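**Student:** Here is what each chain is made of, one letter per residue.
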Amino acid sequence: MRSGDDVGFREFASDKALPLRRTAYLLCGDWHLAEDLVQLALIKLHRVWPKVSRNGPVDNYTRQILVRCWLDERRRPWRRKENRDGVVPDEPAAPADGTDSVDFGISDSLLRALAEVPPKQRAAVVLRYCADLPVAEVAVALRCSEGTVRSQAARGLDALRAALQRQHDEAVSGRSK
Amino acid sequence: MDGLEDKLRGIRLAEPPLGFDPDKIAVTARKQRNRRAVALTGVATLAVIAAAVAFAAPGGPAVSPAAPAPVVPAGPSPSTVLPPVSPKVNLEARKAGITGHLMAVLPNVLTGAKDIQVRSVDQLRGWDILIAMVAYRDASGPGRSLVVTISGTEATKLGFSLEDSCKPGRKAVTGLDADIAGVTSGEPVDCVKLPQADGSTVVVTGTVPSLPPGDVDPGRGATVFRADGTSVSVHAGAGDGGPRPADEQLIRLVKDPEFTLG
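Line order of the protein sequences matches chains A and B.
Its first residue numbered 13, the first sequence is counted upward by one per residue in this note's numbering.
Its first residue numbered 981, the second sequence is counted upward by one per residue in this note's numbering.
Take these hints with a grain of salt, some might be off.
To be verified - Residues from chain A that keep clear of chain B, each with C-beta distances beyond 10 Å, as calculated:
id : residue
1  : A127
2  : P146
3  : V147
4  : Q179
5  : A183
6  : S185
What the hints assert, rightly or not - Residues of chain B clear of chain A, computed beta-carbon distances all greater than 10 Å:
id : residue
7  : P1087
8  : R1105
9  : D1178
10 : V1184
Claimed, not checked - Not everything, but these chain A residues come out facing chain B in the computed CB check (under 7 Å):
id : residue
11 : D18
12 : R22
13 : C142
Honestly, the hints are just simulated from the structure, not real lab data.
Predicted, not measured: the structure shown is a model, and the values here were computed from it.
Every residue, glycine too, gets a C-beta built ideally from N, C-alpha and C.
One chain only, chain B, in its complex shape:
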């Protein structure tokens, strides 16, 4: 013992004055929180669209690289420059039904949720798939979001299959032990398949509940693969650390038999 511990305990610093106002941190944090809520919703939308476009491509007509580029109208959106897919179904009439049903069931499932809004229900390029974006607020504040995806048999076949679900992931280790072990924390490792009595299977995926402090929680999702080949998934954006829907709530939503395209 050379007294090093005591020297460390008695270490004194020539501290300059604080260069920021702690009182303004809350204001800055609130602004960032609002920006993040908007950004997360946007990212979720893009992810869904990207996935849909990715699985739409094999089903669409093949376009040779040598073929002339399609005529693109002014102000093209990403979908206009991709190979067109012939519409297989028209789900316009179903959108209102899905919106109405979401508004009816969500207050019962998401207890404590307020200002529930179905911001959009979109069909992707003629495929048998409807994607509903839902926003709401709860006791911890605004910025909560749900993405409900209802897929018919064709879209389900081209999307992530039941067999592809729950691919082996790395063990979740967080904190200093993880740093020492060289393991990245926050891996999406939590995935479970729940066979149902009616022949369907519910898959619940997400990150481990205890993420490192301050890390963004990418949320949690549940998907039901029905025996008739259709599927319904609900992804809950976690917002900025507030309570997210429990697995039971997500499962209750995806198992709702009213979520169909017919």
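Next comes chain A alone, as it looks inside the complex:
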């Protein structure tokens, strides 16, 4: 890799590490695993950086690698029996982006519900809505058709609604006891 490529990669990695980790966390629900996935994705990106960086923006390609790393990680035998619940720390640290006050209540319930959505639907929901990407970009990132993205995102939203409803019902029944 030429020195110019190396500088470009370092700048890209510094700029995108946080957004990528955010996406990874929304996918896997674990900050430590999210960091591992981002590092793995960036290392894999480094191998092909000279080629892909010459072909234009590499954000989508990086997201492809990240999603692939996550799906591969999920297939590992010691991961199959795990059931991540997406629980965030009891006392959240200050947001890395410097935001002062955030209503974590809604986000917490959404995160817990998101963890119940099947992985491929979750990937479509996270990229389409949480990362706010157009359908075409999500299709590129997931290496599937735009129709598949729409159907997976729609099913993901349905699953998310169902999970939120379950959470709500459990909370109501808990209070009534």
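Got chain A sorted already, so can you dock chain B onto it with the hints?
**Tutor:** Frame of chain A; chain B shown alone:
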């Protein structure tokens, strides 16, 4: 519409500080790349040797399980504990010729390749087969490799035959659609037989060009099965995602009439 999409767009996370230094990723990646280049070359060598030993066994003298174990000298290599095969040909004199010819033709075929080295040319246990390991670098960096195998009639008969080439494979489907369909991506599905005017047939095999991002590309190979029963194959290790030789370059190499054992 219950505003769920908007809630997702506005989702906020209690993000802990980044636990790694993005600036050091490049250093880590470079170290891994170098290790992988060495490992891939080693794997390619082992694969070739394993294949050669596998097809050498039926031709060698049968060894009864009840027969006493052969006396093995100290520090045995895998070949010393396997049934011996009587040397049929002596190709020592040919090794230098193959090395010289590779050094002559590779710069013309692999345009842009630098630091071309023929690291070894080995004959396997007396069989009519020579295996040359070639390393080079190109614009994308070091770690490129080629394995050139020149087989005589006996080794070709015992190796993968033309008929065995291009066994039916699964359709290549990658990405989310593949996950949904339960299809493993990156299957070695691309295989084509190209009959030549001189009666030989070239077989080109490899994975589909568009592997899932980040997947290791096991490379691509071409083999010519000549009308006289000999064969030549060239396998190009893809390294870590850099450009690999085009099919035309591989075919040009295997069709080189100078690659013979005689």
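**Student:** It remains to establish, for every hint, whether it holds in the given structure.
**Tutor:** A quick look at each hint next to the structure:
Residue placement check: A127 of chain A keeps its beta carbon more than 10 Å from all beta carbons of chain B (closest about 13 Å). Taking the minimum C-beta to C-beta distance to chain B, about 13 Å, the non-interface status of P146 of chain A holds against the 10 Å cut. Residue placement check: V147 of chain A keeps its beta carbon more than 10 Å from all beta carbons of chain B (closest about 13 Å). Non-interface call for Q179 of chain A relative to chain B: holds, since the shortest CB-CB distance, roughly 13 Å, exceeds 10 Å.
Listed as a non-interface residue, A183 of chain A keeps its Cβ farther than 10 Å from every Cβ of chain B; the least gap is roughly 17 Å. The beta carbon of S185 of chain A is kept farther than 10 Å from every beta carbon of chain B, the shortest such distance being approximately 22 Å. At roughly 22 Å, the least C-beta separation between P1087 of chain B and chain A is larger than 10 Å, which holds for a residue marked as non-interface. The beta carbon of R1105 of chain B sits about 36 Å from the closest Cβ of chain A, which is more than 10 Å, so the claim that it is off the interface holds.
Distance to chain A confirms D1178 of chain B as a non-interface residue, since its nearest Cβ pair spans about 37 Å, more than 10 Å. Interface exclusion of V1184 of chain B from chain A stands, the closest Cβ pair being 22 Å apart, more than 10 Å. About 6 Å separates the beta-carbon of D18 of chain A from the nearest beta-carbon of chain B, less than 7 Å, and the hint is met. At its closest, the beta carbon of R22 of chain A sits 6 Å from a beta carbon of chain B; the interface hint therefore holds under the 7 Å criterion.
Satisfaction of the interface hint for C142 of chain A is found here, the shortest Cβ-Cβ separation to chain B being roughly 5 Å, below the 7 Å cut-off.
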